[in-house]
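J.: Produce the entire structure from the sequences given, and follow the hints as far as they go.
Chains A and B are the protein sequences, given in the same order. All residue numbers for the first sequence refer to UniProt numbering, where the first residue is 1 and numbers rise by one. All residue numbers for the second sequence refer to UniProt numbering, where the first residue is 1 and numbers rise by one.
Calculated directly from the structure, the hints in this document are not laboratory data. Only a predicted model underlies this, so the values are computations on that prediction, with no experimental measurement involved. Heads up, some of the hints might be wrong.
As the list claims (entries may be wrong) - Straight-line distance between alpha carbons at most 30 Å, and here's what the computed DSSO-like set of lysine-lysine pairs gives:
no., chain 1, residue 1, chain 2, residue 2
1, B, K54, B, K27
2, B, K2, B, K27
3, A, K158, A, K168
4, B, K2, B, K192
5, A, K157, B, K192
6, B, K192, B, K286
7, A, K168, B, K192
8, A, K168, A, K157
9, A, K158, B, K192
Next come the chains, spelled out residue by residue.
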Amino acid sequence: MTDVSTERAITVTVNGVPRETTVPVRRLLSDALRHDLQLTGTHVGCEHGVCGACTVLVDGTPVRSCLVLAVQVDGTEVTTVEGLAREDGQGGQILHPVQEAFRECHALQCGFCTPGFLMTMAAGLEARDPSTDITDDEVDEIVGGNLCRCTGYANIKKACRRAAGLMKEAAE
Amino acid sequence: MKPAPFGYADPTSLDEALALLSEEGAKVLAGGQSLLPLLSMRLASPATLVDINKVPGLDTVDVTPSGDGAGVRVGALVRHAQLLHHAEAAQVQPLLARATSNVAHPAIRNRGTTVGSIAHADPSGEMTSVLALTGGSVTVATPEGSSAIDWADFFVGPLETSVHSPAVVTDAFFPALPPRSGTAFEEVSRRKGDYAVCGAGVTVTLDEDSRVVSARAAYISVGLVPEVHDLTEAVAGRPVAEADWAAAGDLARSLVDPDGDLHASADYRRLLVGVLTERTLARAAKEAADR
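T.: Here you go:
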């Protein structure tokens with residue numbers, strides 16, 4: 001018979017690094033990342049799945065980390081905004097196209113919503129065929145689930161189109 | 001806020017899950033996209049969460065294209081995203097993909113389950129109404145055995161079903177779209193992906209001379225439980241091009257009894273029922289004619 005636990009030891013590969021920690025079973029993934037693993041790049045906005053700021057990838061798929069329990073990601077691979085850029089092999093990092101596009105298009109103001117937008121957008125763009133031009137409907141679908149309290153949506157959508165363009169160039 | 005303390009178990013068989021659910025205050029956790037907000041807002045504080053994600057055999061979409069029992073059976077762990085991208089299921093019952101594309105946002109659809117949202121019985125959920133409109137049913141497993149429950153006997157009130165713990169809804173069955181039929185689904189919401197202020201799903205069936213023999217609709221965020229309204233009398237026997245879809249919209253407005261709330265007044269919802277009915281029926285009829 002499966003035990004009913006109030007605390008669990010979990011092993012999660014976060015940004016390529018296996019991490020072990022023991023968490024109360026009620027711990028949300030968002031809090032486990034920030035408090036137990038000290039990865040504070042994942043921001044916590046509404047804590048009930050509305051704002052999208054806490055979006056991370058679990059096994060490559062974007063999910064709201066405030067709507068997943070930490071115990072539920074035992075044995076999975078989690079990617080947070082800290083894991084979005086690639087190592088360049090010389091001690092530096094190469095930004096992901098969505099990060100590059102955010103910088104170019106001034107798609108962040110206060111920056112609170114940015115980690116969620118970056119993760120959602122990276123996964124959304126990576127799931128599509130990079131050789132085709134992105135449509136406005138696709139952009140809306142990708143960014144539609146995230147809120148920006150500075151209301152900087154015009155530049156965020158511009159960055160999404162720009163990132164799709166960068167990924168198209170890279171694929172050519 | 002954070003969830004109140006609870007116990008957690010992740011059984012690896014249905015029998016074990018049902019045994020755990022027999023304890024006082026135990027609750028099923030599947031996708032968690034409705035349950036976790038309720039926990040975090042402390043609107044619910046179950047003693048134990050029984051996570052069914054490790055129970056085998058619940059994550060499949062079974063499509064029967066024709067014959068007896070034609071339709072789509074969706075297992076309890078099938079995520080909205082999985083159903084949305086299931087081409088074979090969309091062919092047999094197009095409402096599934098059309099409705100799931102309106103469920104929240106991609107990140108929620110990756111995690112939330114279709115059967116979970118039906119078991120949650122939220123009148124603003126899309127899939128409850130689709131289950132009703134297609135004349136579907138759910139399979140419920142209890143320690144005494146498994147049985148099918150028709151949609152009409154399943155939904156009792158907002159967030160309330162006729163099923164009580166210990167029980168697990170193991171699948172939902174959506175019958176196939178009949179021949180010479182078309183469907184459409186549309187919502188109006190304040191922001192993209194939000195709960196619908198009002199939504200409509202419809203099916204239109206034609207006879208061999210392309211005259212309307214059936215027009216039915218179910219609405220989202222209208223009424224306390226899913227309702228299916230037969231609008232055939234407004235358009236019966238008319239060829240698709242001559243059918244008065246606005247009359248069907250008027251009829252629909254007279255049949256529904258929406259509530260007003262923070263998001264929309266009852267009158268606005270009733271207006272939207274008429275607009276969405278007219279629009280979706282015309283589209284569904286065109287699809288039926290072209291099929």
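J.: Take the hints in turn and mark each one as holding or not.
T.: We went through each hint and held it up to the structure:
no. : hint            : verdict
1   : K54/B - K27/B   : holds, 15 Å
2   : K2/B - K27/B    : holds, 18 Å
3   : K158/A - K168/A : holds, 15 Å
4   : K2/B - K192/B   : holds, 27 Å
5   : K157/A - K192/B : holds, 14 Å
6   : K192/B - K286/B : holds, 26 Å
7   : K168/A - K192/B : holds, 27 Å
8   : K168/A - K157/A : holds, 17 Å
9   : K158/A - K192/B : holds, 18 Å
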